[in-house]
Amino acid sequence: MSKYLLDKFLYTVDRDPELVERYRSDPRGTVEWWEVERANSLLNCYSGERSTWLKFDDTEREALATHDYVKLFELGAHPFLTLTLCIALFERDYDEPLAFQREYAARLSGFSLPYPDIAT
Amino acid sequence: MATVAAVIASTHHPFYYRASTSTGDARPPFADEWVAKIEAFRETLTRARPDVLVMVGSDHFHQLWLDNMPQFLVGKAPFYDANWYNEEREFGLPRMFLPGHEDLSAHLLRKGIDAGFDLAFSNELRIDHSVTCPIITLRPQADLPIVPIYTNIFAPPLPQPRRFVELGRTIRELVESWPGNERVAIIGTGHLSLELGGPRQFGPHGPDPEFDRKAVEWIASGDIKSTLDEVTLDSLWEPGNATHGFMDFMLMMGVAGDGVPADYVDSLDLFHTMEAYFTWYPNGMDAR
Chain A
1 MSKYLLDKFL YTVDRDPELV ERYRSDPRGT VEWWEVERAN SLLNCYSGER
51 STWLKFDDTE REALATHDYV KLFELGAHPF LTLTLCIALF ERDYDEPLAF
101 QREYAARLSG FSLPYPDIAT
Chain B
1 MATVAAVIAS THHPFYYRAS TSTGDARPPF ADEWVAKIEA FRETLTRARP
51 DVLVMVGSDH FHQLWLDNMP QFLVGKAPFY DANWYNEERE FGLPRMFLPG
101 HEDLSAHLLR KGIDAGFDLA FSNELRIDHS VTCPIITLRP QADLPIVPIY
151 TNIFAPPLPQ PRRFVELGRT IRELVESWPG NERVAIIGTG HLSLELGGPR
201 QFGPHGPDPE FDRKAVEWIA SGDIKSTLDE VTLDSLWEPG NATHGFMDFM
251 LMMGVAGDGV PADYVDSLDL FHTMEAYFTW YPNGMDAR
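Respectively, the protein sequence lines represent chains A and B.
Residues in the first sequence are numbered consecutively from 1, following this note's numbering.
Residues in the second sequence are numbered consecutively from 1, following this note's numbering.
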C-alpha cells in the first residue's frame, strides 16, 4: 500500500488545470494513464531518471478510478489533497455555496477519532 | 540594530479576499463585519511603520512536497511570485508579486543555523496563501520586502510544538541582533481548530469552539507554559484534523515572549473556523 503514491496522484492532478478536467471526465482512464506515465516520474528530473517501483494496489486504483473520496480517507490519503481536488471536480455541480463540502462531510460521518493515519 | 516594530499573529482565511471584494447578491452577509475587523487589525500594523515584514506561514503542498520536505525553511530571494492556480480556482485569490529582503534572509539563515535550527532555504520560492492572506489583510499595497519562513504543520512527521515556540524565540532574537536600522514586523499565520477533508469540516463554527476559546486566551495572555502543557502532536488531532496549524500561533507566541499579553486582540466567529487577530508592540508606545 502506498499512501505516498495516492498523495502524489492527488497532488500532481490538482496542480494541473488540464489534468483536473481530464480526471473529472474520465477518472478511470486518467488513473490508468497516470500510473503508467507519471507514477514513477521523479519530480524535477528529466524522464530518463524515473523511479522504478511505484504502483497502486487494486484498492487504491479503484478508489481513484471511482472518485471515491470516502475510501481515500479510509486509506489515509492526505485529506487536504483529497478535499481540494474534489472541490475542483464537483463543487460546480451544486447550486448552493458549500453544499458539496457539507455533503462530503456527511459522507465521512462514519469516521471518528482517531482518523486513519496519514503519515507517509 | 533593527527594531521589532510589531509582532502579529493571525488566522489566514483564504475566503477573505473573495468575501471582501464581492458585491450585490454575491456578497456574504458577514462580509461587512469581517472587513471592519480586518481594517482595524490592519491599522495595528500601519501605525508600527514597518520597513520589512518577516512572514511565517506554511506551504500547502504547493512547492514543498513529500519527496523533499523541509521542516523549517527560509526564503532567500530578491522577489517572490505568489499564489497558485488551485488557489485562484478555489478561493479567487489574485496572482501577486512581492519583493524580498535577501540580507535579512541571509542573516536569519546563518544565525539560525548557528543557533541550532538546521534551516532549509529556497532561492526560488513561489509563496501561497498562508503568506499572501496576511499581505492582503494587513498590507494590501504589498509594497514592503518580505522574508518568508515556512513551517511544516502539514505532512507528518512534524516537529514538536516546543520547537515552534523555540524557533519563534530565536527569530525574535535574530531580528533584534540584525545590524540594520529597519523597523521589522514579524507576522505569522496559523489556525485555531480546523477540519479539512474530514467529517467535521465546514460546520457553522469551527469544529471545537472550546479549544478556540482556550487558544485565544493562551495567545492573548502569552501563556506559553499552559499551551505547551496541553498541546501535543497527538492532542491537536482532537480539535480538528488541520489544527496542527495552531503550532504557527505557538511560534508567534515565542516571538512575542513568555507571559507578554497582546496589545490588540480580536476574533470573529465564522462558519468553518474562527478568525483571530493579535498584535504586540515589543517596544511599547515607541513603536506606535
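No lab work stands behind these hints, which were simulated from the structure alone.
Check the hints yourself; a few may be wrong.
Said to hold, decoys possible - Rough simulated footprint, nothing fancy, chain A against chain B, three-plus residues with beta-carbon under 8 Å:
1) 12-22
2) 76-86
3) 170-183
4) 200-210
5) 236-244
What the hints assert, rightly or not - Facing chain A, from chain B, some residues (calculated, C-beta under 10 Å):
6) 72
7) 89
8) 90
9) 115
10) 120
11) 121
12) 152
13) 195
14) 196
15) 272
Ideal Cβ placement from N, Cα and C applies to all residues, glycine included.
Status of the hints after comparison with the structure:
1. For a cut-off of 8 Å, the count of residues in the region 12-22 of chain B with a CB near a CB of chain A stands at 0, and the three-residue condition is violated.
2. Coverage of a stretch by a chain is defined here by at least three residues with a beta carbon nearer than 8 Å to that chain's beta carbons; for the region 76-86 of chain B and chain A the count is 3, and the condition holds.
3. Only residues whose C-beta sits within less than 8 Å of a C-beta in chain A count toward coverage, and the region 170-183 of chain B has 0 of them, not enough to reach three; the restraint is violated.
4. Counting residues of the region 200-210 of chain B whose C-beta lies closer than 8 Å to any C-beta of chain A gives 4; at least three are required, and the coverage claim holds.
5. By the rule of at least three residues with a Cβ nearer than 8 Å to a Cβ of chain A, the coverage given for the region 236-244 of chain B holds, with 4 such residues.
6. At about 19 Å, the closest approach between the beta carbon of residue 72 of chain B and any beta carbon in chain A exceeds 10 Å, and the interface hint on this residue is violated.
7. Proximity of residue 89 of chain B to chain A holds as hinted, the smallest CB-CB distance being about 6 Å (cut-off 10 Å).
8. Restraint check, residue 90 of chain B versus chain A: the minimum CB separation of about 6 Å is within 10 Å; hint holds.
9. At its closest, the beta carbon of residue 115 of chain B sits 29 Å from a beta carbon of chain A; the interface hint therefore is violated under the 10 Å criterion.
10. For residue 120 of chain B, the interface hint is violated, since its Cβ never comes within 10 Å of a Cβ in chain A; the closest pair sits about 15 Å apart.
11. Taken as an interface hint, residue 121 of chain B does not check out: its beta carbon lies about 16 Å from the nearest beta carbon of chain A, beyond 10 Å.
12. Among the interface hints, the one on residue 152 of chain B is violated; its C-beta lies about 12 Å from the nearest C-beta in chain A, farther than the 10 Å criterion.
13. Interface hint status for residue 195 of chain B: upheld, as the beta-carbon distance to the closest one in chain A is roughly 8 Å, under 10 Å.
14. Interface restraint check: residue 196 of chain B against chain A, minimum CB-CB distance 5 Å, threshold 10 Å, status holds.
15. Because the smallest distance between the Cβ of residue 272 of chain B and any Cβ of chain A comes to about 8 Å, under 10 Å, the interface hint for this residue holds.
The structure shown violates the earlier hints numbered 1, 3, 6, 9, 10, 11 and 12.
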